[in-house]
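A.B. asks: On the provided structure of chain A, position chain B as indicated by the hints.
Residue numbers (my numbering), protein chains in the order written: chain A, 8 to 145; chain B, 317 to 579.
Bear in mind the hints are in silico, worked out from the structure with no lab data behind them. Any given hint could turn out to be false.
[As the list claims (entries may be wrong)] Keeping only pairs whose Cα atoms sit at most 20 Å apart, straight-line, the calculated SDA-like set for lysine to any residue is:
no., chain 1, residue 1, chain 2, residue 2
1, A, K138, B, K438
2, A, K138, B, A419
3, A, K145, B, S456
4, A, K68, B, R364
5, A, K145, B, A434
6, B, K438, B, K487
7, A, K137, B, K360
8, A, K145, B, A419
9, A, K22, B, S456
10, B, K577, A, Q93
11, B, K417, A, F141
12, A, K68, B, K487
13, A, K145, B, G424
14, A, K145, B, W416
15, A, K145, B, L425
16, A, K18, B, A439
17, A, K18, B, M441
Quick caveat, the model's predicted, so the values are computed rather than measured.
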Amino acid sequence: MGFAAISNPPKKSLKCCGLIAGIGHGCRFLLLEHGWGIVAGSFVASFVIGILAVLLSRRAKCPAECLSFPALLPMIPGMYAYKMVQGLVGCMGSADYREYFDMFSYNLIITFSVILMMVIGITIPVFLMKKISFTATK
Amino acid sequence: MTMTMMTKNSESSLDAGLAVLDDFFSDYSAFLLSSGCTTLRIEKNVRRMAARFGVDCVMTVMPKHIEIMLSRGGATDTRMAYWTGGINFYAITALSRLSWKVADGKIGLDGARRCLAAIKSKARMNIVFVTFAAALANASFCRLFRGDAWAMLFVFIATLGGFCVKNKTIKTGVDARVACIIAGCLSAIIACGPHIFGFGTTPDVAVATSVLYLVPGIPFINAFSDFINGHYVCSMSRLLSALETTVCLGTGLVLADYILKLQ
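Bound-form chain A, shown alone (with noise of 0.2 Å):
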């Protein structure tokens, strides 16, 4: 929630982010838990928010996005972004070079697919659920 007032977001759906985002959120915990890894279950737990937006975005009367994205926010590889930016300025002028590139390599694959397949799984229930996510504001 606090994470969403940042984008200004309508009030009334400030409350359903928060449920979403602590129900995707406690189910990639329960994944990675369970010895998945950070892109499947970051993939499957995204899914699950998707659904949800969709679903409870009439009740709200907003975009499902608009309940979905900021719900996401949490699961947002920031630690892999930090480290992918510590491991590109580590590898300047550095006798280091390899073990900073590696870190930024890595840390950059983590990132662009944790977010990838976030955004694919929260994209698969709009498209499975057309006419509700194009008509919760009607």
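C.D. replies: Using the frame of chain A, we list chain B on its own:
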């Protein structure tokens, strides 16, 4: 938020009604784009309203402007609208609702223009509430990464300080990227408190999570969403903008490390 419009009429553009419609559509779509809406939804909303008015609509969505060409009979009219602005989910919701009202015939063009003006003038959420909410959220984020109570406290204070400084510097006209570097640097310096004074057992988590509130999550998500829907130019533009912000926050962190000479 500022917006300028350029008019470009084709030789056959004789219909004043088309011009007025085009003004509204370009204003509407530019505001929607500036609020962080996906390109797919912009197209759906505008085409829905265009169908109601019986005009054909061709849109070209570019990174910083939208070109809309309306045609009816033999007449055409083209407008370009530029935008600068921040992410605003309230505006996306209200504008989507407006497009349905127009499409269902509940309001006409004049009513739609009044609604659009009202949506544009609606104030954003109280900044004090937003600042505290973001600080709480970032502190919770620190806990998610197994930070202890001291790390959470310093991350809370660092986020409060960084968020306030970022807003104030942007208001004084400083470039948003420089503001991001300054905010990142300040947040990281404050979050180094556990490291410097020996509080708690997870000082590294505090430093690493102190700048995560600056990560441009929505632009990243929008970039990939546009990519999946085939709007590659917009996708690349949003992705580059998001990467730029990520590099800026990383630079702030590196600056903080350099100033405090931490490894």
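A.B. asks: It remains to establish, for every hint, whether it holds in the given structure.
C.D. replies: Each hint, compared with the structure:
Taking the CA atoms of K138 (chain A) and K438 (chain B), the gap is near 29 Å; set against the 20 Å cutoff, the hint is violated. Of the supplied pair hints, the one linking K138 (chain A) and A419 (chain B) holds, its CA atoms being roughly 15 Å apart against a limit of 20 Å. A C-alpha spacing of about 36 Å is found between K145 (chain A) and S456 (chain B), which places the hinted pair above 20 Å, so the restraint is violated. Restraint check for K68 (chain A) and R364 (chain B): satisfied, since their Cα atoms lie roughly 18 Å apart, inside the 20 Å limit.
Annotation: proposed proximity of K145 (chain A) to A434 (chain B) holds, straight-line Cα distance about 19 Å (limit 20 Å). Restraint check for K438 (chain B) and K487 (chain B): satisfied, since their Cα atoms lie roughly 18 Å apart, inside the 20 Å limit. In summary, the hint linking K137 (chain A) to K360 (chain B) is supported, as the alpha carbons are separated by about 12 Å, within the 20 Å threshold. Taking the CA atoms of K145 (chain A) and A419 (chain B), the gap is about 10 Å. The hint holds against a cut of 20 Å.
In summary, the hint linking K22 (chain A) to S456 (chain B) is supported, as the alpha carbons are separated by about 17 Å, within the 20 Å threshold. A C-alpha spacing of about 15 Å is found between K577 (chain B) and Q93 (chain A), which places the hinted pair at or below 20 Å, so the restraint holds. Taking the CA atoms of K417 (chain B) and F141 (chain A), the gap is about 13 Å. The hint holds against a cut of 20 Å. With a C-alpha separation of about 32 Å, the suggested pairing of K68 (chain A) with K487 (chain B) is violated against the 20 Å cut-off.
Our distance criterion of 20 Å between C-alpha atoms is met by K145 (chain A) and G424 (chain B), whose separation comes to about 16 Å. With a CA separation close to 5 Å, the supplied pair K145 (chain A) and W416 (chain B) stays within the 20 Å bound. For the hint pairing K145 (chain A) with L425 (chain B), the CA-to-CA distance comes to about 18 Å; that is within 20 Å, so the pair holds. Under the criterion of a C-alpha separation no larger than 20 Å, the hint pairing K18 (chain A) with A439 (chain B) is consistent with the structure, at around 13 Å.
Distance check on the hinted pair: K18 (chain A) and M441 (chain B) sit about 9 Å apart at the alpha-carbon level, within 20 Å; holds.
When held up to the earlier numbered hints, the structure conflicts with 1, 3 and 12 and fits the remainder.
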